[in-house]
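Colleague: One letter stands for each residue in the lines below.
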Amino acid sequence: MTGVVTHGLLLTGRAARGTMRIPVFAVMNLVQPLLWLLLFGQLFRKVVEIPGFADGAGAGTTGTSYLEFIAPGVVMMTAMFGAAWAGTGFVQDMERGVMDRLLASQASRPAMLVASMVWYAVVALAQGLVVLGVAWLSGARFSGGTAGALATLAAVLLLTCFVAAVSNMFALLARSQEALIGLSQLVILPLMFLSSAVMDTRLAADWVATAARFNPFDWAVVAARGALSVQPDWGEVLGRLGLLTAAVVVTTALATRAFRSYQRAG
Amino acid sequence: MHPTHVVGSPAAIEVTGLVKTYRSRRRVVRALDGLDLSAAPGAVLGLLGPNGAGKSTTVRILATLSTPDSGVARVAGHDVLREPGAVRRAIGYVAQRPVTEPMDTGRENLVLAGRLQGLSGPEAHARAVELLGRFGLEDAADRLVRTYSGGMARRLDVAVGLVHRPQVLFLDEPTTGLDPHARAEMWAEIASMAGEEGMTVVLTTHYLDEADALADRLVIVDHGRVVIQGTPDELKDRLQGDGVTVSLHDDDAAARAAEVADRVPHVGEVTRDGRLLRARAASGATALPVLLAALDAAGIDVREARLSRPSLDDVYRQHTGRTFSAAASEEVGA
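Going down the list, the sequences are from chains L and Y. Position 68 (the first sequence) corresponds to 68 in the numbering used here; numbering is contiguous. Position 214 (the second sequence) corresponds to 214 in the numbering used here; numbering is contiguous.
Honestly, the hints are just simulated from the structure, not real lab data. Backbone N, C-alpha and C define an ideal beta-carbon position, used for all residues, glycine too. Among the hints, erroneous ones may be present.
[Stated by the list, open to error] Pair ranges (Cβ atoms, derived):
no. : chain 1 : residue 1 : chain 2 : residue 2 : range
1   : L       : T146      : Y       : D69       : 35 to 43 Å
2   : Y       : A285      : L       : G13       : 56 to 64 Å
3   : L       : E95       : Y       : E269      : 40 to 48 Å
4   : L       : D233      : Y       : A126      : 54 to 62 Å
5   : L       : V249      : Y       : D69       : 52 to 60 Å
6   : Y       : V72       : L       : T6        : 32 to 40 Å
7   : Y       : R27       : L       : E95       : 44 to 52 Å
8   : L       : G242      : Y       : D69       : 42 to 50 Å
9   : L       : V24       : Y       : L81       : 21 to 29 Å
10  : Y       : E269      : L       : Q177      : 32 to 40 Å
11  : L       : E95       : Y       : L81       : 45 to 53 Å
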């Protein structure tokens with residue numbers, strides 16, 4: 001177990017050096033969500049006036065501005081779109097001989113996975129704070145206090161770990177960058193639209209609302225929006241965080257098994 | 001070194017009946033077809049063969065990166081399927097492709113590799129300094145690996161493989177893609193480390209001269225099987241001399257030329273193939289003028305005459321009846 005922790009920290013350090021040396025990727029990953037926040041926020045400013053919008057989505061949200069409504073959604077989008085590329089590191093390691101060298105060494109495989117997940121979570125937390133800061137500067141105001149902030153950060157952390165584990169698993173199974181582009185376009189993007197990130201799902205088609213209930217991305221959005229609202233429904237927040245935790249555990253276990261498939265194919 | 005078994009000293013590598021098939025698009029490719037080999041501790045074993053012969057597959061199985069369909073492989077006394085962890089502790093593996101992180105420095109790569117292989121922080125730093133010095137990379141120690149030349153990057157790859165002082169080191173085509181100077185440097189490194197600490201080195205290559213310079217024992221692999229094995233001297237004896245090819249104007253002239261060539265001293269193994277006359281000579285440079293003079297004296301007009309140094313191709317032609325120059329030339333570009 002200490003091996004996993006030590007190796008995890010060492011490999012997280014490697015990932016951190018990589019990001020620090022080419023910070024442009026982490027910064028570019030922030031551009032898109034800020035455009036969502038500022039342009040989308042302006043474009044759909046009036047949707048909050050549609051009867052039924054955000055009613056009871058966290059009691060007391062009446063009077064919520066659209067910017068305040070989408071800010072938690074945009075934080076989660078940043079986390080998800082960033083973590084979807086976690087597998088890129090694995091693909092690059094496979095294209096070189098780094099993956100083979102690590103697998104033929106005493107390096108802990110769970111640590112290889114967890115390091116990638118942890119580092120993407122750290123980046124997503126920093127990006128999430130930037131997004132919330134920009135929203136605040138633009139006039140959005142959040143409640144929920146320290147507990148709300150911590151719950152939001154926990155949701156970012158869990159969502160990033162879930163998506164990064166899925167991305168790493170794809171990388172190990174498909175062993176190509178193209179597969180990750182497919183994941184991003186065909187899985188991640190629909191997950192965003194089948195959620196309440198930018199629109200109250202009660203105003204969408206019924207099936208969208210149903211799909212959102214089974215969507216881990218929506219769990220994170222609902223948890224964060226609830227935690228940042230005036231009167232948080234903590235049962236709902238913790239329930240969603242619990243579901244996300246379970247999703248992380250399951251996908252991490254599956255991704256660890258994907259190492260075996262990678263070796264069988266080799 | 002001959003593979004004589006020393007009592008009480010188990011073979012570093014012991015492979016019996018290894019079979020591995022790949023399925024791709026309904027086609028079953030038999031990469032290994034009952035491969036057997038062994039290496040004594042402290043020896044350098046050269047695995048020689050063209051692209052697709054099964055060299056890399058063999059090494060990947062021995063390094064626990066792939067699993068055989070059947071057969072037994074033991075490395076440093078441990079079964080690769082039953083005790084992969086013990087095998088991984090005993091080995092260093094340098095893949096065909098670079099094994100370092102290009103966005104880390106040489107030192108960072110070595111320290112990380114050392115720590116992942118179980119060295120403490122101070123041990124890993126000390127070992128990194130030692131290896132950087134030994135591989136002539138002190139000046140580049142704190143530069144990013146992506147700025148390294150091909151030869152420097154490859155030396156760092158080997159250093160990474162050595163970081164935990166493995167019992168068995170696998171080098172998969174360590175000099176492919178390197179310029180002649182960098183290749184010579186790499187050879188010197190491999191030769192000097194092979195003598196140390198009783199480490200066994202398994203080297204795959206498609207260069208006969210490389211295997212010749214470095215290996216105590218050569219195993220030539222083709223179609224997933226061992227074609228021939230022995231010490232470089234034994235193999236060279238079978239490949240003695242140069243090839244001589246003389247092209248004549250017609251079949252009749254070639255037939256008469258063959259009769260003449262048979263009587264020329266130091267020219268042997270004369271065969272005729274249409275208008276081509278092939279022969280072997282211990283020293284082609286000495287024998288060719290004599291042969292041409294004899295043909296001239298017999299009034300036979302020669303269109304073209306060529307000498308060829310013995311090559312891996314010749315060994316292959318001799319033992320497999322086919323050439324792999326096409327496969328080998330493809331591989332140079334890869």
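Colleague: Are any of the numbered hints broken by this structure? If so, which, sorted upward?
Modeller: 1, 5, 7, 9, 10, 11
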